[in-house]
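Chemist: Based on these hints, arrange chains A and B on the given structure of chain H.
Protein chains in written order, with my numbering: chain H, 1 to 233; chain A, 234 to 491; chain B, 492 to 711.
Please keep in mind that the hints were generated in silico from the structure rather than gathered at the bench.
Don't be surprised by glycine CBs; every beta carbon is placed ideally from N, CA and C.
Be a bit skeptical, because a hint or two may be false.
Unchecked claim - Covered by chain H, per the in silico footprint, the following chain B stretches (three or more residues, Cβ under 8 angstroms): (1) 551-564; (2) 602-608; (3) 656-668; (4) 671-682.
As the list claims (entries may be wrong) - Sample of chain H residues facing chain B (criterion: CB under 8 angstroms; computed from the structure): (5) 73; (6) 145; (7) 193.
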Amino acid sequence: MTYWSWETFLEAFPIIFEGLKITLGLTVVSYLLALTAGFIWLILESTPSRVFNFIIYWIREFIRSTPPLVQIFFLYFAWPMVPYVGTSFTPFVAAMLALGIHFSTYISEVYRSGIESVEKGQWEASTALNFSTRDKWMKIVLPQALPPTIPMLGNYLIILFKEVPLAATIGVVGILSIARSYGAQTWSYIEPLTIVAILFLVLSYPSALLIRALENKMNRRFEKKQKKVKVVE
Amino acid sequence: MEPIVQYKEIHKSFGDTHVLKGINLDIRPTEKIAIIGPSGSGKTTIIRLLMTLEEPTDGDIYVAGENLWKMDVKGKKKTANEKHLRSVRKDIGMVFQHFNLFPHKTILDNCVTPLVQVKKMKKDEAVDLSKQMLDRVGLSDKYEAYPSNLSGGQKQRVAMARALVMKPKIMLFDEVTSALDPELVGEVLQVIRDLAEHDEMAMILVTHEMDFALEIADRVLFLDDGVIAESGTADEVINKSDNPRLQEFLKRFRKEEV
Amino acid sequence: MFSSGVNILEYLSQGAWTTISIFLVSTLLAFIMAFVAGLSRLVKNPLIRGFTTIYVEIFRGTSLIVQLFWLYYAVPMLFNINLGSNWWVGVIAIALNYGAYMSEVVRSSILSIDKGQTEAGIALNLSRFQRMRYIILPQALRLMLPEFGNYSIQILKGTALVSLIGLTDILYYGDIYRSSNLSEGPMAYMMVLIMYFIIALPLIWLSKKGEKISRRGVAS
Numbered sequence: 001m002t003y004w005s006w007e008t009f010l011e012a013f014p015i016i017f018e019g020l021k022i023t024l025g026l027t028v029v030s031y032l033l034a035l036t037a038g039f040i041w042l043i044l045e046s047t048p049s050r051v052f053n054f055i056i057y058w059i060r061e062f063i064r065s066t067p068p069l070v071q072i073f074f075l076y077f078a079w080p081m082v083p084y085v086g087t088s089f090t091p092f093v094a095a096m097l098a099l100g101i102h103f104s105t106y107i108s109e110v111y112r113s114g115i116e117s118v119e120k121g122q123w124e125a126s127t128a129l130n131f132s133t134r135d136k137w138m139k140i141v142l143p144q145a146l147p148p149t150i151p152m153l154g155n156y157l158i159i160l161f162k163e164v165p166l167a168a169t170i171g172v173v174g175i176l177s178i179a180r181s182y183g184a185q186t187w188s189y190i191e192p193l194t195i196v197a198i199l200f201l202v203l204s205y206p207s208a209l210l211i212r213a214l215e216n217k218m219n220r221r222f223e224k225k226q227k228k229v230k231v232v233e
Numbered sequence: 234m235e236p237i238v239q240y241k242e243i244h245k246s247f248g249d250t251h252v253l254k255g256i257n258l259d260i261r262p263t264e265k266i267a268i269i270g271p272s273g274s275g276k277t278t279i280i281r282l283l284m285t286l287e288e289p290t291d292g293d294i295y296v297a298g299e300n301l302w303k304m305d306v307k308g309k310k311k312t313a314n315e316k317h318l319r320s321v322r323k324d325i326g327m328v329f330q331h332f333n334l335f336p337h338k339t340i341l342d343n344c345v346t347p348l349v350q351v352k353k354m355k356k357d358e359a360v361d362l363s364k365q366m367l368d369r370v371g372l373s374d375k376y377e378a379y380p381s382n383l384s385g386g387q388k389q390r391v392a393m394a395r396a397l398v399m400k401p402k403i404m405l406f407d408e409v410t411s412a413l414d415p416e417l418v419g420e421v422l423q424v425i426r427d428l429a430e431h432d433e434m435a436m437i438l439v440t441h442e443m444d445f446a447l448e449i450a451d452r453v454l455f456l457d458d459g460v461i462a463e464s465g466t467a468d469e470v471i472n473k474s475d476n477p478r479l480q481e482f483l484k485r486f487r488k489e490e491v
Numbered sequence: 492m493f494s495s496g497v498n499i500l501e502y503l504s505q506g507a508w509t510t511i512s513i514f515l516v517s518t519l520l521a522f523i524m525a526f527v528a529g530l531s532r533l534v535k536n537p538l539i540r541g542f543t544t545i546y547v548e549i550f551r552g553t554s555l556i557v558q559l560f561w562l563y564y565a566v567p568m569l570f571n572i573n574l575g576s577n578w579w580v581g582v583i584a585i586a587l588n589y590g591a592y593m594s595e596v597v598r599s600s601i602l603s604i605d606k607g608q609t610e611a612g613i614a615l616n617l618s619r620f621q622r623m624r625y626i627i628l629p630q631a632l633r634l635m636l637p638e639f640g641n642y643s644i645q646i647l648k649g650t651a652l653v654s655l656i657g658l659t660d661i662l663y664y665g666d667i668y669r670s671s672n673l674s675e676g677p678m679a680y681m682m683v684l685i686m687y688f689i690i691a692l693p694l695i696w697l698s699k700k701g702e703k704i705s706r707r708g709v710a711s
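Just chain H, with the same shape it has in the complex:
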């Protein structure tokens, strides 16, 4: 009995590689949805009504603390049965919605931390200079709040990418799904699954290195800023 066949490996590789388009495509659209919905959470949680903010906070906490796999199943299998609003989604759309919304709950935290990192003095200064609310955000706060969040946002992109194969469970034909059906046909699972692992590693590891480098650069810049402040004192 052979445990590993290069022949199978080479045969399976191009077939599985084809699935990368779907896997990456799903990653990108889910991520865009998460980036957008992240803002929406932020707005919903800062309304004048404390009760409303509180409810939204716990809804977000609920989505964040429960398994994305169940959320995918919910949207794909159960949403069509929901009275009035129910409609059926294609597997791709169901997965996109579930993953996008799940990750938006994290992304909104990132936005929040970015905004909180802007010193209070900046707000006061822009009020003192009589900026409009719109200009305050667009010209003063966001340009300072967003850059430090870039590495964190990048990290979530990689984490999201690694959650995308969950979509295979409802039949989205990404690399994992192809690998499993290849295995089911040929009874060799190791090679196709190893190929999937390699593809993930090859794509996510260099991205992770890139983000770590970016993070270091950001940290250094931040430190320099602090030092300058001290000198001025």
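Modeler: Quick look at chains A and B alone, frame taken from chain H:
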């Protein structure tokens, strides 16, 4: 009398920077030495080498006749391992510029932990000894306080008590007052003065407190550009030397003090 | 509708023990892996360090579901060993995956402790082990707490994957219920989510508490 510490042709480089360029120094067992010199001259590095916080690039340091950084293995010289370093540095204590107290332990435990762990002392014995030492530095009401609740001067006195309970034969002071607010310097210097007068151990002070150094030191070393440029009693170094670099250093220093 | 919700919860609770037992054991093992790997990446020996780095990067770089399937299909074939049961396959996959992530928390927390602490330890002649045990780790642990709290929630969410290798956990019973009562699908999955959330609540509370302790630690 046999010297307790000997530096022989010590060199130290950090990357491309040659910090120490051949230090030769003998220290007698009860001698109080002050090292002065411009910043970046390698003062701190000298004592960090002795504390085994840095390894010399070249040369040998002997502590009580024992080679600190090299050990004999079947007649061959080898870089010291942890065990050898621990056996030689047991007689050395150090007080740091930034105190380096253990923030998660009370003042008392800062002193008790090394006694129990390193000296294998019984807990109640260690507590008694630590209290004695904390009393000596004037902190008898702070046993259960945490470092974050102390002033800088108090922290530095705890750091001294913590080093002293280990009964070192050589004490190293690394700019111990330069991180303190000016009004807190006096209380720390008073403790060192007391030690210098009453204790037998050898002391090496790296300091910017020029007057204090001159007052308590048996010998003053002026370190300049990685070598010991002047060495002698306070009087000899300050008043009788005609080394232009030293004169310049002293002049700049006096100006700052005024 | 309310009574049907309660009925479903009761039905799902058959799977609760599988979910909870896998969560507890894999969390425990993940912690052990995290400390072993985190500390191994800080030793001098390049072989140990290199090997650990490879483990950490592989498990962080691929995804849990891929690792789970890989172990499920490959381990019995490749090594001709049976991991005993799918329960262990699930536990080991989760533990290895999150152990790798959490080892980074251990490593970076240890590295973030001020160098002066190590130097003071050396000056007091504490051994390498004693410095780690009495000086560095107690301080680093505080920094790890909030991250550990977050990861415990991630682990709980990860356990839902074991239904894919045939384990009878909460999600498994949810699927069974839905397939026999199609119109109650939304309620069935909602109850599954609520059940996970109930288990997650103490973890959320713990990680909030950990954050507080950690902040206090940094201040002192």
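Chemist: Compare the structure with each hint and give your call.
Modeler: Now the hints, each set against the structure:
1. Counting residues of the segment 551-564 of chain B whose beta carbon lies closer than 8 angstroms to any beta carbon of chain H gives 11, which reaches the threshold of three, so the coverage claim holds.
2. Look at the segment 602-608 of chain B against chain H: 0 of its residues bring a Cβ nearer than 8 angstroms to a Cβ of that chain, fewer than three, so the hint is violated.
3. For the segment 656-668 of chain B, the proposed coverage by chain H is satisfied: 3 residues have a C-beta within less than 8 angstroms of a C-beta in that chain, meeting the threshold of three.
4. For a cut-off of 8 angstroms, the count of residues in the segment 671-682 of chain B with a CB near a CB of chain H stands at 8, and the three-residue condition holds.
5. For the restraint placing residue 73 of chain H at the interface with chain B, the shortest Cβ-Cβ distance is roughly 6 angstroms, inside the 8 angstroms limit, so the hint holds.
6. Against a cut-off of 8 angstroms between C-beta atoms, the interface hint on residue 145 of chain H is violated, since the closest Cβ of chain B lies about 21 angstroms away.
7. Hint status for residue 193 of chain H relative to chain B: holds, with the closest Cβ pair at about 5 angstroms, below 8 angstroms.
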